[in-house]
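Asks: With these hints in hand, go ahead and build the complete structure from the sequences.
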Amino acid sequence: NPLKTLEEQELINILNDSLNKLPEKYRTVFILKELEGKSIEEIAKILNLSPAAIKTRLHRGRIFLKGLMEKYLNLSI
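Numbering-wise (this note's numbering), the sequence shown opens with residue -1 and increments by one.
It is possible that some hints are incorrect.
Distance windows between CB atoms, simulated [said to hold, decoys possible]:
1. Asn(-1) - Arg58: 35 to 41 Å
2. Thr3 - Glu68: 20 to 26 Å
3. Ile61 - Gly35: 19 to 25 Å
4. Asn(-1) - Leu45: 39 to 45 Å
5. Glu40 - Arg60: 30 to 36 Å
6. Thr3 - Ser48: 38 to 44 Å
Since the hints were made in silico from the structure, they are not lab data. Ideal Cβ placement from N, Cα and C applies to all residues, glycine included.
Replies: Written out as structure tokens, the structure is:
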């Protein structure tokens, strides 16, 4: 379905734009966890941070990302 494909591409573009607007410390953790599938412990070792710090950054990054995406989606409705 061409319309569905277009909608999916638009959503991917919104996600990419939103990810690029995340502060780096949140974006890095989000990408490592959600896109690369790394564990909290692996990310902590890579970034030389505690697992608790990684969890905090991931949580804050998700909240930030949700807010950015909601703005995009509200504008496009």
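Asks: Looking at the structure, which of the earlier hints fail to hold?
Replies: Structure breaks hint 5 only.
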